[in-house]
Structures are given as structure tokens and as C-alpha cells.
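**Student:** Sequence:
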Amino acid sequence: MHVVIPYVVGALLFGLGVYGVLRRRNAIMVLMAVELMLNAVNLILITADVTLRSALTGVAIESWARPGSAAPGTGGVLALFVIVLAAAEVGVGLAIILQYYRMRSAVVVDDVRLEADEERVAG
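If you read the sequence shown in the working numbering, its first letter stands for residue 47, the second for the next number, and so on.
It should be emphasised that the hints constitute simulated quantities derived from the structure, not laboratory data. Every residue gets a Cβ at the ideal spot worked out from N, C-alpha and C, and that includes glycine. Treat the hints with care, as some may be off.
Said to hold, decoys possible - What follows is a set of in silico ranges between Cβ atoms, one per label pair, in the way DEER data are often shown:
#, residue 1, residue 2, range
1, Ile74, Ser100, 31 to 41 Å
2, Ile51, Val136, 23 to 33 Å
3, Ser100, Ala152, 46 to 56 Å
4, Phe127, Leu62, 21 to 31 Å
5, Thr120, Ala152, 36 to 46 Å
6, His48, Gln145, 25 to 35 Å
7, Thr97, Met149, 42 to 52 Å
My request is simple: use the sequences and hints to build the entire structure.
**Tutor:** Structure representation (C-alpha cells):
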């Protein structure tokens with residue numbers, strides 16, 4: 047398989063996620079678009095890691111790795127951190143969306159008001 051294909055697929059997925067964030071009005075769909083962008087980043091991280099490992103085949107480890115520097119294999123570790131971040135984002139995001147739905151009976155992003163009601167704060 048050619049190395050450009052996963053990069054192009056990752057870029058297309060990320061672009062689709064950005065489009066979903068910018069165009070969707072439903073908060074859950076926006077959350078799903080953010081998840082799509084995070085998965086695209088995971089694909090690119092893993093592909094870059096595999097590409098780096100294959101490019102360094104046969105090279106002595108002393109010539110490219112120093113103690114304290116990022117060694118090959120960090121793409122998988124970074125992808126694992128992105129997966130953990132995505133799980134936390136889903137948990138917090140869904141909690142916020144569900145609480146907003148209980149208060150307003152809608153999850154339309156355009157109707158979200160960012161400032162507090164003066165009547166509610168005073169009363």
C-alpha cells in the first residue's frame with residue numbers, strides 16, 4: 047500500500063469533521079464531528095509512526111536516537127492519549143448536552159445563549 051493513501055484518508059476525514067462542526071446545528075452531531083476529527087488525527091499519528099519506523103530500517107540506533115528524545119513508537123502512544131481524550135470529551139460533552147436539554151428541551155447549537163438571564167440571576 048502506498049504511504050500517501052492513509053494521509054489522504056486522514057485529511058478527508060478531518061475535513062469532513064470540520065465541515066460537520068461548522069455546518070451542523072444539533073449539538074450531538076457537532077460532538078460526533080469532533081470525534082471524527084480526533085480519529086483522523088489518530089490515523090495520521092499511526093501512519094507517521096509506521097512511516098518513520100520503515101524509513102529508519104537499517105540505521106544504527108545511535109545515529110537517530112538520543113536519551114531523552116522522542117523515539118519511534120511515540121505515534122501509538124500519542125494515539126492512545128488522543129483516544130483517552132476523546133473518551134473524556136464524550137463524557138463531559140454528553141453531560142453538558144443532556145443538562146442543557148433538560149433545561150431548554152432543545153439541543154440546537156444556534157439557540158444556546160452564552161450569557162445568564164438577568165431575571166434568573168436576580169430572582
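**Student:** Decide, hint by hint, whether the structure agrees.
**Tutor:** Status of each hint after checking the structure:
Take Ile74 and Ser100: their Cβ atoms lie about 39 Å apart, and the range 31 to 41 Å holds. Restraint check, Ile51 to Val136: a C-beta distance of roughly 28 Å satisfies the suggested window 23 to 33 Å. Between Ser100 and Ala152, the C-beta spacing of about 50 Å keeps the proposed range 46 to 56 Å intact. Restraint check, Phe127 to Leu62: a C-beta distance of roughly 23 Å satisfies the suggested window 21 to 31 Å.
One distance hint, 36 to 46 Å for the beta-carbon pair Thr120 and Ala152, holds here, with the actual separation near 43 Å. Under the hint 25 to 35 Å, the C-beta atoms of His48 and Gln145, about 47 Å apart, miss the expected range. The hinted window of 42 to 52 Å between Thr97 and Met149 holds, with their beta carbons roughly 48 Å apart.
Checked against the numbered hints above, the structure breaks only hint 6 and satisfies the rest.
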